[in-house]
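Take the sequences, apply the hints, and build the full model.
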Amino acid sequence: MRRSTREILGNLIPQALSLSIAVGIWQGLVYFEVYRFGYVPSVPQVVAAAVDYIPSSRFLHDAWSSTYRVLTAWLLALALGVPLGLMIGWKLTVRDVVFPSIELLRPIPPIAWIPAAIVFFPHVEASVIFICFIGAFFPIVLNTATGARQIEETYFRAARCCGASERLIFRQVVLRGAMPYIVIGAAVGMGVCWMAVVAAEMIAGERGLGYMIWEAYSLAQYPLIIVGMFVIGALGAAMSRLIRGLGRSLVPWQRN
Amino acid sequence: MQAAPDRSALSAERRKSFHKSVRAAFSVVALLAIWTGIAAFPWSITIPSPLASARALLQLEPRPLAADILLSCRRVGIGFLIAAAVGIPLGILVGYSRWIRNLLFPLIEVLRPIPPIAWIPLAILFFPTSESMVVFLTFLGAFFPIVYNTIAGFSGIKPMYLRAGKSLGASEWRMFWHVILPSMLPVIFAGLHVAVGISWLMVVAGEMMAAKGGIGALTWEAYQTARYPLIFVGMALIGIFGFLSSFLIRIAGNAVSKWDAR
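In the order they appear, the protein sequences are chains A and B.
Counting in the numbering used here, the first sequence runs from 1 upward without gaps.
Counting in the numbering used here, the second sequence runs from 1 upward without gaps.
It should be emphasised that the hints constitute simulated quantities derived from the structure, not laboratory data.
Fair warning: this is a prediction, and the values are worked out from it, not measured in the lab.
Check each hint, because a few of them may be wrong.
Below 25 Å or equal to it, Euclidean Cα-Cα: the simulated DSS-like pairs (lysine-lysine) are [stated by the list, open to error]:
#1 B:K20 / A:K91
#2 B:K258 / B:K158
#3 A:K91 / B:K258
Below, a sample of chain A positions facing chain B; criterion: calculated Cβ distance under 10 Å [what the hints assert, rightly or not]:
#4 V43
#5 P44
#6 V47
#7 A50
#8 R106
#9 I108
#10 P110
#11 A116
#12 F156
#13 A158
#14 C162
#15 L209
#16 S218
#17 A234
From the three backbone atoms N, C-alpha and C, an ideal C-beta is built for every residue, glycine too.
Structure (structure tokens):
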């Protein structure tokens with residue numbers, strides 16, 4: 001569907017206007033020091049900090065550290081969570097045995113694992129990755145299990161009628177049938193992973209973007225905090241978009 | 001699990017649920033056994049066993065513990081309620097008016113990908129007291145899922161219902177109360193359910209990093225004073241109360257939208 005230029009402009013102008021108004025309000029509040037906005041960095045300060053920070057090698061280093069941790073944890077969570085989720089959704093016995101334990105652990109947010117992870121892992125790197133793993137694992141398992149559960153019984157019967165082995169059913173029916181939900185779980189898991197990496201790096205990090213904004217806070221480089229927030233947001237959004245794009249190519253039969 | 005053919009369906013059903021509870025009990029016991037096993041392994045650092053953690057819980061004085069729990073619950077409750085009070089009307093306005101949508105949606109889209117955790121340094125800087133800072137954090141965590149789901153709920157209303165309402169001559173006001181709001185409620189409650197979980201996450205983060213008191217601070221102090229069994233007590237408490245709040249939301253959601261009870 002092709003939209004007319006007028007329609008696009010009709011939405012674009014108010015949208016651009018909206019962001020400029022928001023930035024204007026921010027700058028106004030800071031400039032006139034309304035309430036405690038005097039403590040908040042102003043727009044020019046943040047822009048100057050961004051111009052200074054983003055082309056630097058430090059930025060690349062921070063961004064790579066966080067991305068590396070997130071990707072490692074996310075891949076681990078996929079590697080463990082998808083097979084487990086498929087088994088939970090497919091086999092009633094597995095569901096009855098595994099699910100109660102998962103439901104016991106799931107309400108504990110990844111942040112609450114931070115002290116335990118710092119104490120019990122020998123390296124900071126391992127504890128940060130563990131915390132991100134916890135964040136990604138539960139959404140992946142739950143979505144995968146839901147996906148495997150909602151596969152129509154007819155597909156299983158058809159496969160069995162054609163003489164498919166359990167192994168083949170697992171690969172061709174369960175895995176494929178659950179794929180749309182696996183993609184959703186992977187995308188949600190990635191989002192939680194980014195949140196967890198920021199938290200873990202702020203508290204235990206040594207390096208990475210979360211550590212960067214915490215350090216900027218302790219060194220009173222306040223404009224850098226806001227630059228860091230937007231960088232984290234942009235990277236997280238880019239990553240989720242990438243996964244959704246990849247996911248779409250994994251489930252070509254699904255529209256939207 | 002096959003039901004024996006000579007038994008009645010009822011007893012088969014009963015046997016099925018008996019099997020299920022046996023397996024659930026096995027699941028919990030296995031989890032505790034794995035934990036005990038990990039704790040018993042001679043690592044370079046001693047990991048507290050379930051027993052040691054239970055002992056640590058019993059050694060806590062009940063009064064300060066209850067105060068910490070209440071404090072965390074209050075912080076979550078206030079932030080969450082403010083987020084619902086602001087977020088639901090805002091989402092409805094965004095749904096109703098294209099102008100407001102164009103005005104607010106870009107801003108929401110720019111701010112939403114920033115994880116609420118990343119706001120913590122700025123929030124510490126801005127708010128005069130740690131109490132208002134933590135409440136802001138719980139508000140922030142809950143706000144985006146609530147707004148987002150409210151918008152989704154609005155755009156998900158079936159046009160057929162709207163047409164049916166209109167052709168029966170309903171006024172705008174009646175349309176809102178009898179058609180639009182009821183059909184949005186299940187989606188709004190799904191948002192509230194997500195939101196309360198993130199609120200709990202935020203209260204823990206805020207209490208660990210900056211605020212005094214609360215379950216998050218209890219866990220963090222246990223870490224700093226090297227009372228490791230207490231860390232697990234804190235984690236368990238966080239899990240229990242997080243679970244209870246989402247349970248409450250689910251009950252409330254089922255009560256207000258009975259036709260969609262899950």
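Checklist entry - So which of those numbered hints doesn't the model satisfy? => result Of the numbered hints, 3, 4, 5, 6, 7, 12, 13 and 14 do not hold.
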